[in-house]
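> For reference, the chains in residue letters:
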Amino acid sequence: MALLTKKDASLITDPLADNNPITIQVLGICSALAITAELKASIVMAISVLFVLGAGNVVISLMRNIIPSKIRIIVQLVVVAALVIIVDQVLKAFAYELSKTLAVFVGLIITNCIIMGRFEAFALGNGPWKSFLDGIGNALGYGVILVIVGFFRELLGSGTLLGFPVLGDPVEKTGLYATGYENNGFMIIPPAALIVVGIIIWVQRSRNKALIEEN
Amino acid sequence: MKKKLHNLKEKYKGKKMAPAFNALHTFLYMPNETTHSGSHVRAADDLKRTMNTVIMALIPVLLFGIFNAGYQHYSAINGFPADFSLFEHFLTFDNFWIGAITVLPLVIVSYGVGLGIEFLFAVIKGHEVEEGYLVTGMLVPLIIPVDTPLWMLAVAVAFGVVIGKEVFGGTGMNILNPALTIRAFLFFAYPTWMSGDKVWVHQAVDLAGTPDAISGETVLGYLAANKGAEFSYSISDMFLGFIPGSVGETSTILILLGGLFLIFSKIASWRIMLSAVLGSLVMGFVFNMVVDAGWITETSKFYGLMSLDFWQHLIIGGLAFGIVYMATDPVTGAQTNRGKWIYGFFIGFISVMIRVFNPAYPEGVFLAILLMNVFAPTIDHYVIRGNVKRRLKRLKNATIFPKDTDNKAEELKAETV
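Each protein sequence line maps, in turn, to chains F and D. The first sequence begins at 1 in the working numbering and counts up one residue at a time. The second sequence begins at 1 in the working numbering and counts up one residue at a time.
Do not take every clue at face value.
To be verified - Result set (SDA-like, lysine to any residue): computed pairs, CA atoms no more than 20 Å apart in a straight line:
| id | chain 1 | residue 1 | chain 2 | residue 2 |
| --- | --- | --- | --- | --- |
| 1 | D | K125 | F | I212 |
| 2 | F | K209 | D | G169 |
| 3 | D | K125 | F | D14 |
| 4 | F | K209 | D | G126 |
| 5 | D | K125 | F | V166 |
| 6 | D | K125 | F | L211 |
| 7 | D | K48 | D | P149 |
| 8 | D | K125 | F | R207 |
| 9 | D | K125 | F | K173 |
| 10 | F | K173 | D | D206 |
| 11 | F | K209 | F | D14 |
| 12 | D | K125 | D | V162 |
| 13 | F | K209 | D | D206 |
| 14 | D | K48 | D | S265 |
| 15 | F | K209 | D | F168 |
Read the hints as simulated data drawn from the structure, not as lab findings.
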């Protein structure tokens with residue numbers, strides 16, 4: 001017996017490509033714009049959302065039959081807030097510098113549309129195992145875009161990757177900088193993330209014409 | 001030759017490379033096909049003719065920019081000539097040569113990269129190459145500093161043409177002026193090459209830190225730093241253009257002549273130009289009043305630009321160039337006549353405002369025009385709604401036919417009153 005049935009596997013793979021939360025559903029954009037200037041911050045953000053969404057989906061799914069529907073949003077908020085505080089405290093304890101870079105955006109995972117969206121759309125109507133897979137899948141879909149955007153923004157904007165100077169030293173003029181190359185300051189500012197996300201959406205839709213909406 | 005090309009065109013018809021070939025073909029000769037059915041308009045001013053007229057208006061500015069590049073270079077080294085004579089100090093071969101080796105590569109890279117991308121998109125999408133880039137490609141070298149590295153220009157042009165124009169559907173569909181998108185990209189991506197006192201004079205960056213170091217700050221730069229007393233350029237220097245600045249922006253008189261040429265050939269809108277001039281004068285005048293009232297003291301960082309005589313804003317920096325060649329872009333500007341007045345007025349108004357209030361951006365013209373490009377459709381929308389409303393009112397007072405109770409129908413009829 002395979003580890004995952006075909007249907008279960010699609011819960012993970014769909015959000016990675018044709019049902020991506022950022023490029024197709026256009027959710028969770030604001031954190032994608034704000035923290036992707038560095039690859040490291042993108043990866044940590046992706047892992048945080050992975051944890052919050054995976055665990056949150058399971059908790060909500062387990063409670064789905066006892067939550068009165070009138071107060072379900074409040075219950076969901078309590079669950080996600082509790083998980084976010086765990087993430088925040090762990091980051092402060094083990095990666096203080098990074099938690100300062102991410103600043104308010106870890107706290108703002110609470111308001112990330114992807115999380116509330118998956119709670120509402122999936123966890124409230126499905127069992128814990130399926131909800132877990134769905135949470136992981138969507139968080140990975142979000143994370144993949146974050147990492148791609150973070151990769152290009154850090155490489156072109158600062159000439160580094162995860163803090164390592166891969167293109168040489170801009171002050172000493174070594175490596176690529178010896179040829180007159182310079183870092184692109186535009187990539188550091190948040191509007192650049194919007195354009196990079198836009199280009200990803202463009203590439204994705206020109207590869208898969210079925211995604212193009214009628215208007 | 002002509003016949004051969006016509007035959008070649010027949011051969012390439014329907015092939016993938018056809019658009020690229022047709023573009024070259026119609027650039028050189030008139031197409032040999034005629035319309036066979038339906039009515040057709042005969043007019044001399046097709047898109048290509050329109051674009052060429054603008055380029056003709058830009059040629060004097062470009063030539064002046066070439067000579068000025070050399071003049072600023074030698075003046076920064078030897079000092080400005082005490083008794084300036086046009087032929088001895090300005091229109092010399094040395095000046096021309098410096099200008100030619102610095103400005104012409106900018107023109108070539110701008111056209112090469114931009115047209116390359118246009119051809120590429122035409123071939124991929126299977127439409128004809130549009131002429132929109134002919135003007136953009138000439139504007140771009142004129143609005144950047146003379147020593148801009150060519151690879152930066154290439155990157156910026158690629159960005160501007162793809163993100164600023166092609167993603168919206170190509171020529172005629174773009175929201176933002178492509179030339180200004182390119183400049184904005186350069187400005188935010190490589191700010192050290194777009195501002196400061198080193199970039200406006202050829203070789204100033206290379207010589208920085210050596211005993212031969214030279215520099216040339218723009219008039220706006222001096223004023224923004226509150227050092228209005230330190231530059232030696234007279235009003236006539238500023239008007240005629242013998243000052244440092246982007247390649248083509250310095251000579252107000254040639255820009256003015258180009259503008260008149262565009263107005264008389266009915267290519268550019270005189271409403272936008274006039275209202276933009278008015279807008280900048282009003283803003284400048286308000287700032288002058290603020291200074292006269294004593295609300296701003298000499299120690300304020302805004303004093304330098306605020307106390308500048310209001311009309312002098314027009315002869316320094318890129319305001320004149322922006323008003324004449326950029327704001328009047330028929331694609332990105334307002335389309336209605338009343339909209340043009342509003343659109344132009346705010347371009348002048350906001351340009352001067354950015355100049356004064358943001359010393360980090362001594363030149364705000366390109367930002368002001370881009371901002372108003374974004375608002376142009378909104379302005380047009382409200383102008384048209386206002387017109388409909390006025391006609392509705394006229395309809396209500398008229399007693400030509402019985403009034404409809406249905407509002408929708410009334411609105412439709414109002415358009416025809």
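> Determine for every hint whether it applies to the structure shown.
Here is how each hint holds up against the structure:
no.: 1; hint: D:K125 <-> F:I212; in the structure: holds (16 Å)
no.: 2; hint: F:K209 <-> D:G169; in the structure: holds (17 Å)
no.: 3; hint: D:K125 <-> F:D14; in the structure: violated (29 Å)
no.: 4; hint: F:K209 <-> D:G126; in the structure: holds (17 Å)
no.: 5; hint: D:K125 <-> F:V166; in the structure: violated (37 Å)
no.: 6; hint: D:K125 <-> F:L211; in the structure: holds (19 Å)
no.: 7; hint: D:K48 <-> D:P149; in the structure: violated (30 Å)
no.: 8; hint: D:K125 <-> F:R207; in the structure: holds (14 Å)
no.: 9; hint: D:K125 <-> F:K173; in the structure: violated (41 Å)
no.: 10; hint: F:K173 <-> D:D206; in the structure: holds (14 Å)
no.: 11; hint: F:K209 <-> F:D14; in the structure: holds (16 Å)
no.: 12; hint: D:K125 <-> D:V162; in the structure: holds (13 Å)
no.: 13; hint: F:K209 <-> D:D206; in the structure: violated (50 Å)
no.: 14; hint: D:K48 <-> D:S265; in the structure: holds (14 Å)
no.: 15; hint: F:K209 <-> D:F168; in the structure: holds (18 Å)
Consistency with the previously given hints fails for numbers 3, 5, 7, 9, 13, ordered from lowest to highest.
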